[in-house]
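Use these hints to put chain B onto chain A, whose structure you have.
If you read the protein sequences in the order shown, they are chains A and B.
Numbered by our numbering, the letters in the first sequence go through residues 20 to 354 in order.
Numbered by our numbering, the letters in the second sequence go through residues 237 to 553 in order.
Just so you know, the hints here were simulated from the structure itself, not pulled from any lab data.
Bear in mind the structure is a predicted one, so any value in this text is a computation, not a measurement.
Glycine residues also receive a C-beta, built at the ideal position from the N, C-alpha and C atoms.
List of simulated lysine to any residue pairs, SDA-like, C-alpha gap at most 25 Å: (1) Lys71(A) <-> Asp451(B); (2) Lys51(A) <-> Leu213(A); (3) Lys360(B) <-> Thr82(A); (4) Lys168(A) <-> Ile471(B); (5) Lys168(A) <-> Ala542(B); (6) Lys71(A) <-> Asp446(B); (7) Lys221(A) <-> Arg159(A); (8) Lys140(A) <-> Arg464(B); (9) Lys168(A) <-> His465(B); (10) Lys360(B) <-> Ala104(A); (11) Lys156(A) <-> Leu120(A); (12) Lys193(A) <-> Thr454(B); (13) Lys366(B) <-> His35(A).
Simulated coverage check for chain B against chain A, where a stretch passes if three residues somewhere in it have a Cβ under 8 Å from a Cβ of chain A: (14) 448 to 454; (15) 457 to 467.
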Amino acid sequence: MTEALVDIRNLNVRFHGARTVHAVNGLDLSLKPGEVLTILGESGSGKSVTLKALLRLLPEKRTAISGAMTVDGIDVMSLKGRALADYRGGTTSMIFQEPMLALDPVYTIGEQIAEAVCRHKGISRSAGMDVALDMLKKVRIPSPERRLKNYPHEMSGGMRQRAMIALALSCRPKLLLADEPTTALDATVQIQVLLLLRELQKEFGMGIIFVTHDIGVAVEISDRIAVMYAGTLIETGTTREIIRDARHPYTRGLLAANLHDVTPGTRLEAIPGAPPALDARPTACSFAPRCPEAGPVCSAALPPVLTPGAGRRVVCVPKADRFAGATSAAPAVNA
Amino acid sequence: MLIYFLQRLVSVIPVALGVSLICFMLVHIAPGDPLTAVMPVDATAEQQAEMRAAYGFDKPLPVQFVLWLGNALTGDLGTSIASGRPVADEVMRAVGNSLILAFFASAIGFPLGILFGFLAGTYKNGVVDKVITGIAIAGVSVPNYWLGMVLVVIFSVSLGWLPSMGAGPGGSTEWAWDWEHLRFIILPAITLAAVPMGIVTRTVRALVADIRSNDFVTALYAKGLMSRHVVAHVIRNAAPTALSVVGIQLGYLLGGSILIETVFNWPGTGFLLSNAIFQRDLPLLQGTILVLALFFVVTNLLVDLAQPLIDPRIRRT
Numbered sequence: 020m021t022e023a024l025v026d027i028r029n030l031n032v033r034f035h036g037a038r039t040v041h042a043v044n045g046l047d048l049s050l051k052p053g054e055v056l057t058i059l060g061e062s063g064s065g066k067s068v069t070l071k072a073l074l075r076l077l078p079e080k081r082t083a084i085s086g087a088m089t090v091d092g093i094d095v096m097s098l099k100g101r102a103l104a105d106y107r108g109g110t111t112s113m114i115f116q117e118p119m120l121a122l123d124p125v126y127t128i129g130e131q132i133a134e135a136v137c138r139h140k141g142i143s144r145s146a147g148m149d150v151a152l153d154m155l156k157k158v159r160i161p162s163p164e165r166r167l168k169n170y171p172h173e174m175s176g177g178m179r180q181r182a183m184i185a186l187a188l189s190c191r192p193k194l195l196l197a198d199e200p201t202t203a204l205d206a207t208v209q210i211q212v213l214l215l216l217r218e219l220q221k222e223f224g225m226g227i228i229f230v231t232h233d234i235g236v237a238v239e240i241s242d243r244i245a246v247m248y249a250g251t252l253i254e255t256g257t258t259r260e261i262i263r264d265a266r267h268p269y270t271r272g273l274l275a276a277n278l279h280d281v282t283p284g285t286r287l288e289a290i291p292g293a294p295p296a297l298d299a300r301p302t303a304c305s306f307a308p309r310c311p312e313a314g315p316v317c318s319a320a321l322p323p324v325l326t327p328g329a330g331r332r333v334v335c336v337p338k339a340d341r342f343a344g345a346t347s348a349a350p351a352v353n354a
Numbered sequence: 237m238l239i240y241f242l243q244r245l246v247s248v249i250p251v252a253l254g255v256s257l258i259c260f261m262l263v264h265i266a267p268g269d270p271l272t273a274v275m276p277v278d279a280t281a282e283q284q285a286e287m288r289a290a291y292g293f294d295k296p297l298p299v300q301f302v303l304w305l306g307n308a309l310t311g312d313l314g315t316s317i318a319s320g321r322p323v324a325d326e327v328m329r330a331v332g333n334s335l336i337l338a339f340f341a342s343a344i345g346f347p348l349g350i351l352f353g354f355l356a357g358t359y360k361n362g363v364v365d366k367v368i369t370g371i372a373i374a375g376v377s378v379p380n381y382w383l384g385m386v387l388v389v390i391f392s393v394s395l396g397w398l399p400s401m402g403a404g405p406g407g408s409t410e411w412a413w414d415w416e417h418l419r420f421i422i423l424p425a426i427t428l429a430a431v432p433m434g435i436v437t438r439t440v441r442a443l444v445a446d447i448r449s450n451d452f453v454t455a456l457y458a459k460g461l462m463s464r465h466v467v468a469h470v471i472r473n474a475a476p477t478a479l480s481v482v483g484i485q486l487g488y489l490l491g492g493s494i495l496i497e498t499v500f501n502w503p504g505t506g507f508l509l510s511n512a513i514f515q516r517d518l519p520l521l522q523g524t525i526l527v528l529a530l531f532f533v534v535t536n537l538l539v540d541l542a543q544p545l546i547d548p549r550i551r552r553t
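Looking at chain A on its own, in the form it has when it is part of the complex:
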């Protein structure tokens, strides 16, 4: 077994403000080098917060983070000042949901890529521009020499996201964090960008943590899928396992709520109810109020972590125990 590229142990993120929000609760996650993992979840489930925590981009004053995060042997939690800046963009970089908002509007694409390269590799500006040109070729932007001198507003959405990818990969990071990078793009461009990402991932051999709410996208790109609900990872497994053999009722609900093989005019499958408020740290299964299979045990205590197979993880009360007087600690094969 190879050393893990990313290892997150018991990550907790809380935001203080007018009210406290428990955004991420006890998250455990690991990623092998060169592996693509998708965090799947709905809005507010804490998936983007997890990514930002990995780059320490959350506002420090209003955020309390605890737990341990290691990326490529670097203890992310202890990084400060220059070392933190070296880690960001150097070891781990990120592509954002809306490239129009994530690129500085008054700098050219070339300047923005070269700036990152010069910062990390300590090379001259003109050498940085050469790298930028090279990267634009790699993400297959047509007439890259001209695009290098373009401002973000002069490019199309798909082109901007390619430029964003070029920027993120310009310093050859070991880990790429992708925060819904295709959500703001239209369907045909989405596929192109996904294919490009997968290709570049193979070429550069980096690990990717991909965040999305779109199961189709998740299946397209990932080796493994982690499903997140209300700040907790509720199920982890290979893409095949999740699609074929989902154990958690929430994951099964998500898989049922798609548009494939649906007769027009019939009502779509949906998970009833809405996600819970995150004011307090959960003391029971957060999904229990919406769960069609829940029993009294589910709302009484935190569900156990089941490991039905190697690398598989399901946080759910085993079916047989849901109506029992006390929770059994024994992991059941059929969750």
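Relative to chain A, chain B alone:
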């Protein structure tokens, strides 16, 4: 780019024409006869008519306007009724003095306003922000003639460090670049700078705070930039808007301030304007307002021309 510049230049012509029409009309809309101030109380009807014809007030208004505009284009703004001197000379001397005052007020107000605004926006809701916002609100809200009088009481009357009025020793109105003259400009310049400083501070603060809340700032940190690199990005993003606010404020400063120039007896356009109003000196009033209005048009034009050099998004024609 060139087309943009030409468009901007051409668009100034109708604006300037409209401005001159309004200047001309405003004075005629105001009640009262301009000649009452200079005419003897016991003047006969014939004498009054003669006087009116001499100043051209007997012709219909549109004709008066065309004649006035035609003369103005050749640099002749008529003759002051009160002093009998050419209006153009009077206005130009006053403009010179107001420009000097505006220059010093700008040198104090704008750098300070931009610096304060930047600090407050960067450390929004912190102690620095609260102190600076307090200063900015005071600068905008305190009536500046009152501030001027307070400064005079402190620095001229009590401490005796600086003169309280005039533009030079011995009532001289000719400016010179020496300490003897500089002493006279310090208090009026500080007083005049207070309002633009406050406005620029508040605008730049909101601007910087807004820019800092953008996703791209997070993205800049995400690619490994240090705070000092990010500041450079914020400055370049804030520059176009900050520039246009400074431009508008500069327009106000160039116009001189009736109140401040009156408090300090500064022989600038504001002082001239208030005299012209009280003496019902119609040609002088029209000439002064026209020159001031054109100042505004020209500063806005300069700002418009400078903006695309900084902000690529305006560069499209």
